[in-house]
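Note that the protein sequences, when read in sequence, are chains E and A.
Numbers -17 to 77, taken from our numbering, label the letters of the first sequence in order.
Numbers 259 to 1155, taken from our numbering, label the letters of the second sequence in order.
Please keep in mind that the hints were generated in silico from the structure rather than gathered at the bench.
Just so you know, these numbers come straight off a predicted model, no measurement behind them.
In this text, a Cβ means the ideal position worked out from N, Cα and C, and glycines have one as well.
One or more of the hints may lead you astray.
[Stated by the list, open to error] Away from chain E, derived, C-beta distances all over 12 Å, residues of chain A: (1) Arg293; (2) Ser310; (3) Gly314; (4) Ala319; (5) Arg326; (6) Arg350; (7) Thr355; (8) Asp375; (9) Trp399; (10) Gly502; (11) Arg673; (12) Gly805; (13) Glu917; (14) Arg997; (15) Glu1022; (16) Val1097.
[Unchecked claim] Dumping the calculated SDA-like pairs for lysine to any residue here, alpha-carbon to alpha-carbon at most 20 Å: (17) Lys(-3)/E to Asp294/A; (18) Lys17/E to Ser6/E; (19) Lys17/E to Val264/A; (20) Lys17/E to Arg320/A; (21) Lys568/A to Leu329/A; (22) Lys17/E to Arg272/A; (23) Lys568/A to Asp529/A; (24) Lys17/E to Glu37/E; (25) Lys17/E to Gln49/E; (26) Lys(-3)/E to Ala295/A; (27) Lys17/E to Trp270/A; (28) Lys17/E to Glu298/A; (29) Lys17/E to Trp263/A; (30) Lys17/E to Ser328/A; (31) Lys17/E to Leu329/A; (32) Lys(-3)/E to Gly(-13)/E; (33) Lys(-3)/E to Lys568/A; (34) Lys17/E to Arg43/E; (35) Lys568/A to Val405/A.
[Stated by the list, open to error] Incomplete in silico selection of chain E near chain A, CB under 7 Å: (36) Gly(-15); (37) Tyr(-14); (38) Gly5; (39) Ser6; (40) Pro9.
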Amino acid sequence: MHGYGIAQHLQRLSKDVIHVEEGSLYPALQRMRQKGWIRAEWRQTPNNQRARYYEITADGRAHLGEQTVGFAELMDAVRRIMAPVRAGDRDRSDR
Amino acid sequence: MIREWVNRVRDWFRRDVLDRELAEELAFHRRLLERDATREGVGEGQVAAAASRRLGNVTRAREDARQRWSLPWLDHVYRDIRYAIRGLSRARAFTATVVLTLGLGLGANGAMFDVIDGMMFRPLAYLRDPDSVQRFYWQWWDQERLVTSQSGPYTRYLDLRRETTAFSQFAAFSERRLAVGRGERVREERIGAVSASYFAFFTARPVLGRFFTESEDVTPRGAAVAVLSYPFWQAEFGGRDVLGETLRIDNVQATIVGVAPRGFSGVNDADPPVAWIPITTYAGSSGSNDATTYYTRYGWGWMHILARRKSNVSIERATVDATTAFQRSWSAAAIDETQLPSVTRARPQVVVSSVRPGAGPDPSLEARTVIWVSVVAGIVLLIAAANVANLFVARALRRQRETAVRRALGASRARLLTQSLVESVLLAFVGACAAVLLSQWASAAVRTLLAPAGSATVQAFANQRTITVTFGAALLVGLGIGLVPAFLVNAGDLPTRLRGGARGGMVEGVRIRAVLLMLQGALSTVLLIGAMLFLRSLTAVTGLPLGYDAERVLVVTRVIEGPFPGVPALRSMTSLLVSTASALPEVESAAWAATVPFFSNSYRTLSVPGVDSVGRLGTFTYQVTTPDYFRTMSTRILRGRAIVAEDRQGAPGVAVVSESMARILWPAQDAIGRCFRMGSDTAPCLSVVGVAEDMVQRDLTGTQRYHYYIPLDQSTRTVGNHMLLKLRGDPAVMGERVRVALQRVLPGGAYLTARPLRSLVSAEQRTWRMGAAMLLAFGLLALGVAAVGLHGVIGYNVSQRMHELGVRVALGAQRFHIGLLVVGQSVRYVVVGVLVGMVIAAWASRWVEPLLFRQHAIDPAVYAGVALLMLAVAFAASAVPALRATRVDPASALRAE
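Here chain E stands alone, though its shape is the one from the complex (with noise of 0.2 Å):
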């Protein structure tokens, strides 16, 4: 996939919430692709134009299991900890 493509992506699954510069998209490109997360290489598109392909690789996928794993215990943490905050507000309200 290329940038224009993970952009377009992200931007679907998000369902547009997450709305970023797609242009910061690059530089974090980079970044993983020096750390051997992903495969970049340039390729024609369907529309025979120039463009790099992204691809990620056995390392990346290793590291991403281990930061879904580590996202998703965060976000129960943070669910646990939102939970009675929000009970409590209710508590409030009906007093």
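We have chain E already, so just place chain A on it with the hints.
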């Protein structure tokens, strides 16, 4: 983590490409966004703006990405290197001096490392698991002296192989020079006599045929087979299929069964054998009594042992194991050899040590000398480094204001230090390149000095290890000399230095430079003293009275091929050769001889009436010869007469003895008419008819010169194989012609080799010649480097003091005194250096003394001579700056400020 850094460094190198690619990528993205905008119906004029909005701050993105592939320190180093190259290529003279100085210093060390590594440490080619392979060295006490030997009898090998448990592999080997080929083409070559197990120590596979097997290496006599070395196969057989052909090696008509691979030289890569034959084949056909007794008796110590330690056995345990077996073997030998002392007295032990004898318990004089010379090379490098540091300091001082300004403008100390280091390391590396070329040539020269003539097989290109070490040393030296000026320049507070200009804050630098100069002077003094000591040793060695004149003597050696022809046949062949030789126009006189100095010796137990156990006095060597011997060798008869033709079989037994022998056996009495017996005390009496001057038979520097001569015609035991010919010209020129003329009268089955006697003598002097040559070369090199350094510093000082000197002249100082002031400074440095150097030399003298010959390590004449030489150099080095100082023009010097 590592990969990320590798990637970053790689990206750094192609950062321009990456930058272009990113721009292209962003442009592509922008095009697609513009297309989207158009599709969404954004107005014509708004498309670009909409795309830009989506894309965000592109410059920021590019900056951020660029940061990912920039490495600030690498950028700095890169810039520093370019800056250094620019600066250095402007200062040509400076660069050339530094590169040359470091090149010489590093080159000298590279060459010495190469030689030492080859002698002691470099793993042998093809050797399997080199760490576990050892050579056995035998040690025992003889009287109060510890004797170390590498060689022992074949029976010892059998004993140790049977009685030890610490070793998994054993091999026996011996290398000797034997006649190879036949007829006119016969030559002496190095041959390895090795057990079949020898090849199993190596990973080498034959390029042709096979190595020989256990069934071909059997007592009493192994099979007549040979394995050729690769170079010999190429040179002699043109690399054709030689399997099944025969090659005569000594007495063996050997069938060639294989060819060793290229680069295989067994355990001797300094002087590799041309072929290998089974050790039992060599021993079993040696043509003497030994041939039938070598595997049952202990009298013939001639071969070495290689063994592989089992993987779980330490060297200490292996030593204990081998020593126990050796002692048992010694006891067995003592039954056979009655003169051997008991185990309790001799305390025999085995040293399980390096395959390379240079790193073993008894290194040769060459190896020990080489170690010394490499210490010297190290000192030369120190001097060179001090010199370069000195030049760097001078440069740093000149740039002081520049650096102060840079500091004031915010350059960090670390940045300035890095810059200085980059410059010095860069120079050191260029020096190392010069050094590798230089050491290439120098190590070949050293090896030629070391190796006996004609046997040197010098490697074609510098060893990988040598190159690595040279560059490693260059890195260290570069860092070292870069640090000195860096610290100097950073010293002192900034405002002072900014104000001070060239003359302010200089004191520090001058002091460091003075110390460096004195250090150079001291080290040069040490080296020159060493060189002079060795030179005087060499003079003493070459001037040693040999007791004969080797200059015009040719040694012709008869080699008998095939079966032993019997004593009568040999005797008639001998007289035919002597009479033919005497009749040749080139020959002045001819004598037959059983032994040749520095080549072979004969000695037997003597019994002398009235003297108890003659053996304890030392070794008495003897010569069996014909009447013309003394005339041929120019050995003087001091009293009595020489051997004459009438001393033949049946006539009373006579002998001529050396002066030392006469003195030790019959002190304060006339030896003429005395009697001694060879062998047992029941042997016939030999009466002394003459006393000859002492002569050097086997050991140039030994003090024992006990030697005697008996007539060939009266000898029952030896017929000998050598003929000594005094020629009417240079034996190196005429030798071959004489040999061919003599070869013609020989029957088949025998051939002659010839060599000048002086080549044997000069081979003995080699170590001293090498030591003297190398120390002198290094000493002069050091002196030259130090002189250049001195000249530079004095010159610099003069230019810095121009103002002061101008004032002095203006106030009425004599020009002569101005000159004296400058020269005096130079002399002061050198005097201190010389004094320090002398103290160091005196301190080191006790380690140098054993390497010298009839020369005290503390020799006032040498010390004084070197001091004078150093002073002369001090004068010469300061002459030009002093002259410049005397021409100072007070007006312009004062105005210049």
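- Task: Could you check if Gly5/E really has its C-beta closer than 7 Å to a C-beta on chain A?
- Result: holds, 4 Å
- Item | Hinted pair Lys17/E and Arg320/A, Cα distance within 20 Å | Judged against 20 Å, a Cα distance of about 19 Å means the pair holds.
- Message: Can you confirm whether the C-alpha distance between Lys(-3)/E and Asp294/A stays at or below 20 Å?
- Response: Holds - the C-alpha atoms of Asp294/A and Lys(-3)/E are around 18 Å apart, at most 20 Å.
- Message: Check the hint pairing Lys17/E with Arg272/A against an upper bound of 20 Å on the C-alpha distance.
- Response: holds, 17 Å
- Hinted pair Lys17/E and Arg43/E, Cα distance within 20 Å: holds, 12 Å
- Verdict on Arg326/A as a residue remote from chain E, using beta-carbon distances over 12 Å: With a cut-off of 12 Å, Arg326/A comes too close to chain E, as the shortest Cβ separation is near 4 Å.
- Message: Would the hint on Gly(-15)/E be counted as holding, given a Cβ-Cβ threshold of 7 Å to chain A?
- Response: holds, 5 Å
- Assertion that Arg997/A lies outside the chain E interface [Cβ separation over 12 Å]: holds, 75 Å
- Has the given pair, Lys17/E with Glu298/A, been kept, meaning a C-alpha gap of at most 20 Å? Not OK: Lys17/E and Glu298/A at ~38 Å, beyond 20 Å, violated.
- Task: Would you mind confirming whether the straight-line C-alpha gap from Lys17/E to Trp263/A stays at or under 20 Å?
- Result: Holds: Lys17/E and Trp263/A sit about 8 Å apart, inside 20 Å.
- Since Gly502/A was said not to touch the interface, does its Cβ keep a gap of more than 12 Å from each Cβ of chain E? Non-interface label on Gly502/A holds, nearest chain E Cβ at 59 Å vs cutoff 12 Å.
- Grab the minimum beta-carbon distance between Glu917/A and chain E and tell me whether it stays above 12 Å. holds, 87 Å
Hint check: violations occur at hints 1, 2, 3, 4, 5, 21, 23, 28, 33, 35; the rest are consistent with the structure.
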